[in-house]
Amino acid sequence: MDTHRDPASRVRGLPALPASLEAWERYFTGMDIPVLKRTVLNFEEMAEHIDTLDVRSVADAILDDPLMTLKVYAWSARIRNRRQITDLETLEPIILMTGIEPFFRQFRHLHSIEDSLQDNPQALAGLLRVISRSYRAATYARDWALRRRDLDTEVILIAALLHDFIEMAMWVLAPGDCAEIEQRKKLDPTLRSADAQHAVFGVSFNHLEHALAVRWHLPELLITMMGDQNSQHPSVKNVIYAVNLARHSARGWDNPALPDDFYDISGLLNVSVERVKELILPEEYREKKEDIF
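Residue numbers for the sequence shown follow our numbering, beginning at 1 and rising by one.
If you are wondering where the hints come from, they were derived from the structure by calculation, not from laboratory data. Keep in mind that a hint or two might mislead.
What the hints assert, rightly or not - Derived Cβ-Cβ restraints for the label pairs, each shown as a range: (1) G252 with R105: 23 to 33 angstroms; (2) S272 with E45: 39 to 49 angstroms; (3) Y263 with L146: 18 to 28 angstroms.
Note that the structure is a prediction, hence the values are computed from the model and not measured. The beta carbon of each residue, even a glycine, is placed where N, CA and C say it ideally should be.
Could you put the whole structure together from the sequences, leaning on the hints where they help?
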C-alpha cells in the first residue's frame, strides 16, 4: 500500500498519507483548500455589498491570503475555456472572466484553517508562521521587481506568495510531521529543508509543488516563477532570493545564511552589499550590522 509509514502524527480522521510523488499528486487533486478565517469573514461581508465592489478590491482581498490565492488559480484552470489560448496570469482577468457575482457564488462556502486546527494550536501557529513568511517574501519580491522595472511584477509577487503552499497545506494535513521537520532542523542547523522533507514525507515540497502546479494547469509564467528549475532567469532569481531572505530572517537577523543572501540580492539589484543591508535591515540592526555579519 502506497502510504506514509507513521500515521500517528496525522490529523485524526484523514486517510493515510502517500509516500510517492505520484500518490501525493492524486492525494491533493480535488482537495478543498481551507483559507484564513479573516478571508471567510471578508468574503461574506463583500458579498453583502456586491454592487459596490470593483475587480481590483476583490483581487486585493484574494492576495491577502496565499491559500485563497491558490484556491482561485486552481479553480480558474479547471473552468477555463479549452479554446482560450492565453493564460490568465493575474487575478483581475480571472474575476472579469466570470463576473463578480458568479465569482462570489462560486466561493460562498469557504472554510477556515482556524476551524480545521482549532484543537491543535501548535499546528495553527506553525501554519501562520509559514503564511507570515510568505507575506514577507511577496513584499520583498514586489519591491525588487519594481526597482528592476520588471513588467511581470504582479506575477512575481504572486509566485513568492505561493512558493511554499505545500508547506502550508502540510501543516493542516500532517502537523506532527511538520513539527518533526522543524525539530530535525533545530537539532541540525545545516540540514537542508528538502532533505528533511524527503526523510519525513518521502518527497520534497518543491518537487511536489511543481508537479501540482503543472497538474492543476496553473499559468506557465507563474509555474516558471515559482520553480527553482530556471534559477538563472532574473525574474525567477527575484522570487528565489525573496523566499530565501524571508526564510532565513524569520527568527531574527543572525542567521549565518544571510550574508550569502545579501550578496545574491546585490547582484540582482546591481547595487552594493552595503546598500542591500540599508534597504533590508530594520533600523535597530543597521548601526550594529558589522557586528552581526
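Comparing the hints with the structure gives:
1. G252 with R105: 23 to 33 angstroms: This hint is violated: roughly 45 angstroms between Cβ atoms.
2. S272 with E45: 39 to 49 angstroms: Given about 47 angstroms between the Cβ atoms, the range holds.
3. Y263 with L146: 18 to 28 angstroms: This hint holds: roughly 21 angstroms between Cβ atoms.
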